[in-house]
Amino acid sequence: MRSYKVIVTTVLSALAGAVVVVPAALSTPAQAAPPTPGPIVKLWNWNWNSVARECTDVLGPAGYGAVQVSPPSDSMSKGGSVWWDIYQPARYTLTSKFGDENAFRNMVNACHAAGVKVHADAVVNHMTGQGSRSYGGYDFGKYNYPGLYSSWDFHSPTCGINNGDYVNDGWRVQNCELVGLSDLNTGSDYVRDQIAGYLNKLTDLGVDGFRIDAAKHINPGDLAAIKSKLRGSPYIHQEVIQGDNEAVTPSQYTGIGDVHEFVYGRKMKEQFTGQIKWLSTFGQSWGLSVPSDKAVVFVDNHDTERNGSTLNYKYGAAYKLANVFMLAWPYGTPRVYSGFTWNNSEGGPPSANGGFVTDADCGNGRWTCFHRQMSGMVGFNRAVAGTPVGNWYDNGNNVIAFSRGGKGWVAINNEGGSVTRTFSTGLPAGTYADDLGGGSVTVGSNGTASVTVPAKGAVAIHTGGGPGPSPTPTVNPGEVAASFNANVTTYYGQNVFVVGDVEELGGWDPAKAVALSSASYPVWKATVSLPAGTAVSYKYVKKNPDGSVTWESDPNRSFTTPSGGAVTRDDTWR
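So in full-length UniProt numbering, spot 44 of the sequence shown is number 44, and the numbers just go up one at a time.
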């Protein structure tokens, strides 16, 4: 179940050495057509202005199909000190710590203009665990929400869910209070009307789908009745956590909509901290609780990254490679997760002024912005949709490769050294851009390619192109395009910038330095317009997750820009 905190209670919630090459298509099912072309990205705790900007600048161009945003309803306020207050709604007005209704509407419009649908996280099982004041300045009690709900709108008599209930008593799981949160009587027509009214308001603002929080704790008949009151046909995906031999199961909800497949992330952790060679048979036979055509799959989410059941961004390369596999393998609708960095598992996102979330900044180390690293794989995922797996290869340990029909091929190396070999790609002859930013791959007439897969890295190619080129700045008369390519080793959360003595490079102010892209890691890249015929001094800096800045060693680097055209600087951190 979801992790919540109320008052003082926290509930958090074989063949060694063998080499296997399978040239024929494997008996894996073709991926069912997703409800929205392209993967979902969950921008968790991003405010509405930041989501709007990201849709325009990154998500749309990359091909993400939908963005899942955090709960937009007003909620109890803990002043920004924790993240979980947004899962305790106080009323259904759009006055959350992410922005007001106008900002929400503008965000939806911006995302739609970029070709990205919007899914809202909907908390409709319960209200709060205590009386307080909301982010919108609204006073309420645990069972008293003036103008919305009174005590008779909650399940009564009140009871708490005990650990044993999950196996023995499904009624209590769906009618008693989840960690002390006031449990709405979703069997009531009045309550159903209020919930449906809230969701319909979001639909009227352009929302395309809903992630139903704590759906496991709502009777599926009640959810179906609420869904019947919704206008249009919003996409529904539901949080129903699979447990061993439990009374409430994910299969009970597939008639309402898609269901989150929690076993998927657990299996990814097992394999990418063990041996990925076994993944050739990965699918529902591994104990996954939801069939592919009804599953939303993910490597982690905001709960599992904190409770240790899955990988998270702190695992570095293993986390990235698991996400590469998810976007390449035909199972379910994949969802990529981006949140904020944390050490305190309950701590809130960067905020100011009473807990209202500040704009996401992918250069300050406080936001993971992991979805940007997966941008190239989004194109791969869209290109190979509906095709079977073939040309499986593994080295008996932690290197695998496979094709998707005749449209894509991927190799994943979860070992400590690079691997060079000739692979059967199943693709037509030609030169393909690496979707993960590592150059290009040439496929011969027989469908094979000699490829070096870097240590703890991956290579992915698909027909129809690779990742889009980095934005090229407009070069005006009297300027030249200067490309900075810096080979810099970093740890997760660090970012690389170039700073120099000219205004275009920040005038030696690291706060104004130019951010470099990690798409071709370990080579960080950016192109900047600089004055022609000008002597330029510069250095690279690393910005660390704690906000500190690390400068590379002296002396300053220097060059003189040409009178026209372009110039490239290929450097290595010192």
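These aren't lab readings, by the way, just hints derived from the structure by calculation. Fair warning: there could be bad hints in the mix.
[Claimed, not checked] In silico DSBU-like pairs for lysine-lysine, Cα to Cα no more than 35 angstroms straight-line:
no. : residue 1 : residue 2
1   : LYS267    : LYS314
2   : LYS525    : LYS201
3   : LYS201    : LYS227
4   : LYS407    : LYS512
5   : LYS407    : LYS456
6   : LYS512    : LYS456
7   : LYS227    : LYS142
8   : LYS314    : LYS229
9   : LYS267    : LYS227
10  : LYS407    : LYS201
11  : LYS229    : LYS201
12  : LYS229    : LYS78
13  : LYS227    : LYS456
14  : LYS229    : LYS407
15  : LYS456    : LYS525
16  : LYS142    : LYS267
Hints, one by one, checked against the model:
Among the hinted pairs, LYS267 with LYS314 is consistent with the structure: their alpha-carbon atoms are about 17 angstroms apart, no more than 35 angstroms. Under the criterion of a C-alpha separation no larger than 35 angstroms, the hint pairing LYS525 with LYS201 is inconsistent with the structure, at around 43 angstroms. For the hint linking LYS201 to LYS227, the alpha-carbon distance of about 14 angstroms falls within 35 angstroms, and the restraint holds. Pair hint LYS407 plus LYS512 does not hold up; C-alpha atoms about 42 angstroms apart against a cutoff of 35 angstroms.
Between LYS407 and LYS456 the CA atoms are separated by roughly 24 angstroms; this keeps the pair inside 35 angstroms, and the hint holds. Pair hint LYS512 plus LYS456 holds up; C-alpha atoms about 33 angstroms apart against a cutoff of 35 angstroms. Straight-line distance between C-alpha atoms of LYS227 and LYS142 comes to about 26 angstroms, which keeps the hinted pair within the 35 angstroms bound. For the hint pairing LYS314 with LYS229, the CA-to-CA distance comes to about 42 angstroms; that exceeds 35 angstroms, so the pair is violated.
Restraint check: the Cα-Cα separation between LYS267 and LYS227 comes to about 32 angstroms, which is no more than 35 angstroms; the hinted pair holds. As the CA atoms of LYS407 and LYS201 are separated by approximately 41 angstroms, the hinted pair breaks the 35 angstroms bound. Restraint check for LYS229 and LYS201: satisfied, since their Cα atoms lie roughly 12 angstroms apart, inside the 35 angstroms limit. Of the pairs offered as hints, the one joining LYS229 and LYS78 holds, with about 33 angstroms between alpha carbons and a cut-off of 35 angstroms not exceeded.
Proposed proximity of LYS227 and LYS456 is contradicted: the alpha carbons are some 44 angstroms apart, above 35 angstroms. About 41 angstroms separates the Cα atoms of LYS229 and LYS407, which puts this hinted pair outside 35 angstroms; it is violated. This hinted pair checks out: LYS456 and LYS525 have alpha carbons roughly 20 angstroms apart, not beyond 35 angstroms. A threshold of 35 angstroms between alpha carbons decides the hint, and for LYS142 with LYS267 the separation of about 38 angstroms lies outside it, so the pair is violated.
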